[in-house]
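Please build the complex by placing chain D on the supplied structure of chain E, with the hints as guidance.
In order, the protein sequence lines correspond to chains E and D.
Mapped onto the working numbering, the consecutive letters of the first sequence carry residue numbers 77 to 465.
Mapped onto the working numbering, the consecutive letters of the second sequence carry residue numbers 389 to 638.
Just so you know, these hints were derived from the structure itself, not from any lab.
For each residue, glycine too, the CB sits at the ideal point set by N, CA and C.
A couple of the hints might just be wrong.
Unchecked claim - Which residues of chain E face chain D? A partial, calculated answer using Cβ under 10 Å:
id, residue
1, S91
2, I94
3, T95
4, L112
5, Y114
6, T128
7, L190
8, Q207
9, L210
10, L211
11, S267
12, M268
13, P416
Take a look at the letters that make up each chain.
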Amino acid sequence: MSATVENVDQPGKPSPAITTATLISGAIGLAVGLALAYPVFFEGGRALAQGTNMAWGLPVATYAFLALGSFGLSMVAAVGGVFGLSGWNRITPRLYMLALAVSFGAIAALAMELGHPIRAIWAIPLNMQIQSPLLWMGVFWGVYVVCLLAMMLRLRRVDALERGSRRLAVVILLTCLGALFTQGLVYGMMSMRPVWYGIGTPLYYMYGAILTGVALALLFINLTHGFSQDNMVAAKRRVMRDQLPVIFLVALVGYAIVVSAKIITGLWAPTTGVQVVYEHMVGTGLFWFEVLGGVLLPIALMAAPAMRTRPAVQGVAAVLAVVGLFIARYEFTVSGQQVPLFKGSWVPGLVEYSPNIVEWGILVTGAFLALTVYAVADRFFNTGPYSAD
Amino acid sequence: MPKWGMVIDLDKCTGCQACSTACAMENNTLPGESWQDVLFYHEGEHPNVQIKWFPRPCMQCENPSCVYVCPTGATYKTEDGVVLIDWNKCIGCKYCMIACPYGVRFYADEEPLLEPDLREVFPGEDGQVWNPPYQNPNEDWSKGIGIQPKGVVSKCTFCYHRISQAPDGVADLDEDDPELKEYVPACVRTCAPKARYFGDLDNPESNVNRLIAEKRGTRLKEETGNKPQVYYLGEHGTVPKFDPEFDNES
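So here's chain E without its partners, still in its complex pose (with noise of 0.2 Å):
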């Protein structure tokens, strides 16, 4: 507590002590990450356990997961601007330093899961082929990250609720929008893959973003004042006590009606495959978990008007969403592949995949990268006349 009320100067800037904190925990974690994943370097492909029966594993959920939690990051930020809400320009630019740093996370996980990353650089870009939805979900992910660096740059001088602000975090929120809606394709258009097919997909997709960005604003913002609002200047404490734990509450029910609804219609469905893979599902701890631990326990900690506005209670419930919306991505992953397409009696009965320590190595070392990111652009890059913000 004394090292956040030490900043007199800056009332509400955090504390230095926090994110230096936050910065070699993000280092070490990047290391432990590195040295899980190294053997993919030089390997490739054969160092992982995903392979031709079960093409996208531990290491394709990562990046979804974290490539969801930036766009979820970004838009709650953006919507704070766009609707020019009172109190949000206190938070929102973190959250945009956070969604980037979650987004250079993503592809240091996808780029340790392709066969040539470098390749795709330019192969992608140069070849334009239209009709593929990765495509379009490049073009509106390159566009976000632009924006958002351009954002960032923008707010060492100036407002969130100024008018030039305000227009990008239109643009943001536009190139959000496009980019899940397009991931979501990438899943919802394979009619081949019938627990992912379907026009739920990319709303799924959406929804599971913003429930993602909406927990990780509450973990964070706390985490940068040491889990306490003493420090906090009035208008963002407002935020964080009247607001978006509110909206956290609203979004958690809504996925639980949501991912009901999927699994429910799953159960039911008479599509080939499908059923056997949801029975399969649910009869797996890791499904109770996510339900009961990541969205069920946190709904309770959010219902209770006097536990939601605790910083402790919502930094535990965004955590504990935040698992279960990456056991979410995971089982949503594997599943659609689980039923083998003519395999015969190789694969007599769903596919089975575990994944081994290096796709491990490769989640710890998108997640921490986004951390050690995140850390150093508040530590050493966080200066300006809203430095506090």
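For chain D alone, coordinates are given in the frame of chain E:
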């Protein structure tokens, strides 16, 4: 320009897997990278259990979903109707493997299916994923022909290095014709019971068209809209329904 297609008569196929072996030898594929696989299934319940088999090459679809989803255009369809991969453009995202309804795309840069790992026994040179003692001299990475490099997806090419050299205007590539046998895909040429036929689907005079018409050729998974250019003849033209519970009990 022909539109090459294949007809497989399941009433003639004995499941000998000579096609799989010939394909692997011709294209230097690794174990598990079965461009031309013969799938075996159990059907029925004890004591009336049957083993069935199903030969499965790439379907070389008319509307190939793999081509549509490839973000770099590495997967493309030739004018003569064959789906190929440009290994110089492939980034190894594996989206085409997700989008293929027939599971006929392979990512050889993965954990070995069998031990010893042949990539370690015969380490690759010049970017090749492995370096077997015998290698087909035909190599063209822009068409996915030859020994693949690391980090790319591979698939059946209909032995494009052979069929693309065939004389113009040929209706069928028949291994019994001495003039044409060198242009016949390896799986067709080696098929002992002569269950496979290869020809021009756009030529009304071709034997493949006659067989499809007279024996009511069927295509797999028509509901996907991919429109395969591989047709099946015979009574057993469908794969048994996916039923993991049966397999677990057995």
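Quick rundown of the hints versus the structure:
{"no.": "1", "hint": "S91", "result": "violated, 42 Å"}
{"no.": "2", "hint": "I94", "result": "violated, 38 Å"}
{"no.": "3", "hint": "T95", "result": "violated, 36 Å"}
{"no.": "4", "hint": "L112", "result": "violated, 17 Å"}
{"no.": "5", "hint": "Y114", "result": "violated, 17 Å"}
{"no.": "6", "hint": "T128", "result": "holds, 5 Å"}
{"no.": "7", "hint": "L190", "result": "holds, 5 Å"}
{"no.": "8", "hint": "Q207", "result": "holds, 5 Å"}
{"no.": "9", "hint": "L210", "result": "holds, 4 Å"}
{"no.": "10", "hint": "L211", "result": "holds, 5 Å"}
{"no.": "11", "hint": "S267", "result": "holds, 6 Å"}
{"no.": "12", "hint": "M268", "result": "holds, 4 Å"}
{"no.": "13", "hint": "P416", "result": "holds, 7 Å"}
In terms of the numbered hints stated before, the structure departs from hints 1, 2, 3, 4 and 5, listed from lowest to highest.
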